[in-house]
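K.L.:
What follows is the residue order along each chain.
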Amino acid sequence: MIKQIQAFLTSLAIATFLLVTHTTITNLIWLNSINMPVDLGVVVSSITTDLVGMNFRGAFPAIGLIFVGLLVAFVTARVISIWSGMKKTYLYALAGGVALLAIVVLMPLAFYHLDLIAGARTLAGKAYLVFAGMIAGYYFGGHPRSGGSNEIN
Amino acid sequence: MKLTNVRFLWASLFFCSGLAASSDDSIQVDVLAEGLDHPWGMAFISNEEILLTELSGNLRRLSNGVLNPAPIAGVPAVMYAGQGGLSEVLLDPNFAENGLLYLSFSAADTDLPKLNRLNVIQARLDDNTLVDHKTIFQSDPPRKTAAHYGARLAFLADGTLLITSGDGFNYREMAQALDNHFGKILRINSDGSVPEDNPFRNTPGALPEIWSYGHRNLQGLVIADDGTVYEHEHGPKGGDELNVIRPGDNYGWPAITYGVDYSGAMISPFTEQAGMEQPIKYWVPSIAPAGMTLYNADMFPQWKGSLLIAAMVPGDVRRIEIQDNKAVNEEVLFSEFGRIRNVAVAPDGSVILATDGANGKLIRVSAKGLNPEVPTGEVDQ
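Chains as they are written, first to last, in our numbering: chain E, -18 to 134; chain Z, 6 to 386.
Only chain Z is shown next, with the shape it has when bound in the complex (with noise of 0.2 Å):
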């Protein structure tokens, strides 16, 4: 199927979305797929290939603007309903040489099939199917709920995995909590062991995986040069939140936030407490941020050192700067392409947007003159 190449004048750009701060005339976006059914995770093998998740189970492949139209196969069967199934795909920092990566998912339990866990797995990609799984991460206990799993996933400099897990919905008191793994950052090796300076290791009741915890369902993580962890998290009703990570932090849901509950009832009448981290940033109302990356690439210069954060509603990217640990201005980019599911660069310093729903695309975002040759709009499924 030939898919009309979209290109839109940067001057629609401007206009539509408040671009105020980019002042370059030379933008150029192409659709380098669609038909996506939910995608959810990116990963680039390099600047012509790229992986991508669908919500629905499938693990894809595009490579030189072309969808490769078999999924890639050996991916583990997912539970897809609500808000869970296939979710993050991330590649090994080692990938080049030893083909592996991790996904994360939801999955009925082995024992009671009518709860769920978020899992983690290790796989090695050879040509176009996974070999070699092994299960290095699931969360505990299981849930009922298909909703706030969190599931992103990223690695640290010391080369061990954060994952995060989110609340469940049901379960957020939870998230207080050191005896389970709703709504909290985890910490492991990536053979699924733990850490030995772990927070959490040797305090007595606590699972040892623990990094962080107080969080709702956190879908944005990135990992700074610097080391900083910035990382996102849906509120209820307003309350989203950009926070600064430190190991064996309070982030403080559900006890404190700026949220209300969706019935309109509150959740906490405090905001702040002792003990309790606050965000660098929330919103009210709510964004649903749903992806976040840290733009360090050259094509875009104005927007260096920001983050840049997928909103589903109202359907845009925020580009959040970044000075000292703080938010100091956000800016909205992108606002005519509908709810964006995640944002990422690419190795050569285009953003990737890939859109959310059942008809999702994959849409590249360059400077003119200075975007790759790589063929867009071709699509073969």
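Chain E with its partners taken away, still in its complex shape (with noise of 0.2 Å):
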């Protein structure tokens, strides 16, 4: 079970970290492109900025979201993988993909429309985070539960 909590919240870090990253390069590949000083520190600098702001100082904390988001989905496909033979990493990944879609998709339904989180404004960045959720899932899928088999099937 602890192992089970851990792989659980490491596959929250990375789908938090891409995230936010993603949010945060994105925004500084634009500034860059109109010949804003961006170099170096001020990428270090905005990344770690991003990573505490849009996790604790934000209308609603990300990693708070994706949190639900994975759980919802991973018991999801805990249940799911009872009877279904597909192999778990590719569940857990289709699962973290779903979560993030769900995410991006009904945030701006509930909200007129508006895409608060800044990287999902583009088709491209929304197909980015659901990715980031698939590589998070993939993780979690791929990891050995306590009390079963290591086998990965």
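None of these hints come from the bench; they were simulated from the model. Bear in mind that the values here come from a model prediction, so they are computed numbers and not experimental data. Please note: incorrect hints may appear among the correct ones.
[Stated by the list, open to error] Just so you have them, the derived chain E footprint on chain Z, three or more residues with Cβ under 8 Å: (1) 147 to 157; (2) 167 to 181; (3) 267 to 280.
The beta-carbon is built from N, C-alpha and C at its ideal position, and this holds for glycine as well.
Using the hints, build the complex out of the two chains.
P.N.:
Now the structure itself:
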């Protein structure tokens, strides 16, 4: 159980880090494109600031949204895995992707089509965040479960 | 419906709102109308006759303190959603002769109904009906979002019309490009044509209506007698700005800002950059500035020359003293009325406040003994 919690928290950290850094980096790429002075120091300080800001200072904590999304998705995937013969890494990757897809699609529907996560404003941005969820899910699905077989199906 | 006249003692205003600089003890507060559905814009035909818009799509008339129960007919269908709807009403400088007025509103795009645009029309007020409509501006490109329209209107002394056009929220980077109307102040003639001397008229790829750019959600626009153009705009989480606008200038959004995104993310690590203008004042945290007027009347001489800004958060009016195009002092007024959507000065010098929301009120603040003999509180609706 502890290992599962550790795996879940790690997958949560992966998804959160990828979401936050995506928002930061895409923003900095645009700023650089209009000749704003973006250097390595700005990149590092911006990522650090956003990791704190988006998780602890915003109107909604990114890590909280992802926590709820991944929790629901992984529990659902666990139930499905009882009947499904799908490889667990793929199943949880799919679940992680669906969790992030739900976040980036449902949030604008609740706020007059406003994408409150800046990195999710474009289709490519949404796709990337879904991919980030899949990576997090893939990690979780590939992690050995305590009290069960270590074999990865 | 007979409503009770609301009269607050000046002493309570003094203690509740911190009106330290206003020592007059004879302020009178009257509710002119209530039950208004998200009042937004105001225009004074005379001291006794006010036009006001409701975001939901009605243009209302208040005559001699009585709200006409029938909205003015002939107002175009608007898209009432989010922050969109019927926004500004502005009288033509020659309204007394030609009866023309201007409305700004959001409406679905005719070809792509899932998208919408900011529209400005000219129409003539004939009794209680708008006639002779003419669309003089439509924002381009259309947008998916129902937020950040700007939608304020003001006439310059040369008779050209300024339009504020917000960044549409999702399209903030487009405020820095000149090929679109997001995050811009636009200048057109009252017939919709483009003045010859607009700053980007001859710039390849630029839309000729653009007068200034790099704005967010501009909901306050005032032209001073000396021609100075004051504009305020909502920042995101912090970073509301008061600017002096000069044609052709870039006001920086979102490349420079004093605010952060609602998500907590940085919008930009920069607050200054060469070639981008600084505000004459900014607010962190936000006050949600939603309307502005310049007080130049005699009823409250201590306020003369000040900008009055409606602040929705926490809900008050900010009086900004200006000297040499710099904001030198800020005073908080009227903090007991809740979210104030707009503030205007009536011809007699009294201050008219519009409170925000589905049960919005129109409130007149006047000096006791100087207020006009206009019946108040009689609302028939």
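K.L.:
Now look at each hint and say whether the structure bears it out.
P.N.:
Status of each hint after checking the structure:
1. 147 to 157: holds (count 4)
2. 167 to 181: holds (count 4)
3. 267 to 280: That given contact holds, which follows from 10 residues of the segment 267 to 280 of chain Z lying within Cβ reach (below 8 Å) of chain E.
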